[in-house]
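Asker: For the protein sequence lines, the chains are A and B, in the order given.
Residues 1 to 114 in my numbering are what the first sequence spells out, letter by letter.
Residues 1 to 113 in my numbering are what the second sequence spells out, letter by letter.
Hints may be right or wrong, so weigh each one.
EDC-like cross-link-like pairs, simulated, lysine to aspartate or glutamate; straight-line CA separation at most 20 angstroms [what the hints assert, rightly or not]:
{"hint": "1", "chain 1": "B", "residue 1": "Lys-3", "chain 2": "A", "residue 2": "Glu-58"}
{"hint": "2", "chain 1": "B", "residue 1": "Lys-73", "chain 2": "B", "residue 2": "Asp-22"}
{"hint": "3", "chain 1": "A", "residue 1": "Lys-7", "chain 2": "B", "residue 2": "Glu-44"}
Sample of chain A residues at the chain B side, in silico, Cβ under 8 angstroms [as the list claims (entries may be wrong)]:
{"hint": "4", "residue": "Phe-33"}
{"hint": "5", "residue": "Ser-42"}
{"hint": "6", "residue": "Leu-43"}
{"hint": "7", "residue": "Thr-48"}
{"hint": "8", "residue": "Pro-71"}
{"hint": "9", "residue": "Ile-90"}
{"hint": "10", "residue": "Leu-92"}
{"hint": "11", "residue": "Gln-103"}
{"hint": "12", "residue": "Pro-107"}
Hints listed in this document are in silico derivations from the structure and should not be mistaken for laboratory results.
Here the structure is a predicted model, which means the values were calculated and not measured.
Here a beta-carbon is modelled for each residue, glycine too, at the ideal position from N, C-alpha and C.
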Amino acid sequence: SAVISQKPSRDICQRGTSLTIQCQVDSQVTMMFWYRQQPGQSLTLIATANQGSEATYESGFVIDKFPISRPNLTFSTLTVSNMSPEDSSIYLCSVDRGSGDEQYFGPGTRLTVT
Amino acid sequence: AQKITQTQPGMFVQEKEAVTLDCTYDTSDPSYGLFWYKQPSSGEMIFLIYQGSYDQQNATEGRYSLNFQKARKSANLVISASQLGDSAMYFCATYSGNTPLVFGKGTRLSVIA
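Next comes chain B alone, as it looks inside the complex (with noise of 0.2 angstroms):
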């Protein structure tokens, strides 16, 4: 079974500033994906960033960054240049084979002016 895990409940970062997300992730399935999502308070499920398993390179959206760790098996999400926009609920999540997405809990991030 896969699990993710987000050990940083909230998150402060100054605007303009780098801000990293920590996730790790367990599977024993050599095949993967990894998703980072986020989630304002409307509540909607906006995809960010995906990193395949197999993928060389670190993934890039813009400003977000997936560093790609596999050895440690974790999948850190960098936003760089931090938006007061940004504040938001993000939640790391991975699947395999045809199983469906599972997510972490999720961390809280709040962007101060």
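Only chain A is shown next, with the shape it has when bound in the complex (with noise of 0.2 angstroms):
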């Protein structure tokens, strides 16, 4: 298995600021995704994080509002911009190892918005 790390695990922001989500893997993956999960909710794709190149949005995401960084095979980033109390969400990291099944996720970052 893999050993993921997210940071932070749980924040509160005021409306219109921006908050950084990282995301740490313990060995070298090929793909990164970033999956959204509103209350109450299942998971939602927002993006595929690629080493090397911007990452591809799902639709109603784009990049102005959830940047994406990928800087090497086990570190990315989730920003959240201009923050509204509709982001309240669970935001999660997941990796595959390439074979496809193995696929693993992140503990999570809790983000309530006020």
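Mind docking these for me? Both chains are given alone in their own frames, and the hints should help you get the complex.
Answerer: Next up, the structure:
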């Protein structure tokens, strides 16, 4: 399995501010993903973070709102910009080791926007 | 496009009994994978079990087994000998090719002492 850490584990932020979430993996991985889980909902993919290239965003998510960095094969950040209460969610990073049958998640970042 | 359907919003099971959580999927790709995850109230997503579309045997991991019925496009999770710590949300998910995971809406399992 992969050991994945996320920082911060939770935060309470004021509307209009930005928060950067970090995801660190204990080994090199090809694919990293960022998901959002709004209260009482399932997981929705925000984007796929590719090392050395721009992230690939899903419909409904834009780079200006959720900029992503992937400087190397073990680390990625997701920024939630100009936050509103609707951004209150759990944000999870996920990694795929490349074999397809191993997809693991970090512990999540619980964000509350007031 | 892939789709996962979990029709049971909530389930109750007595401690030490077995429970089946339903999952049906829809995909046009002949090669795909099916996952089950557990999400306790802490919010983390815990990987439970994986089934590949070409696997001949049903996957098992300890008390978890996946009842894979390819013709029916179903991938039900069976938890044997339920424990109080099994109370959580359970998500079924699928992927194919290079596409990321697609999740169902989840089933909330409550284990009763």
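Asker: Failing hints, ascending?
Answerer: As far as the earlier hints go, only 8 is violated by this structure.
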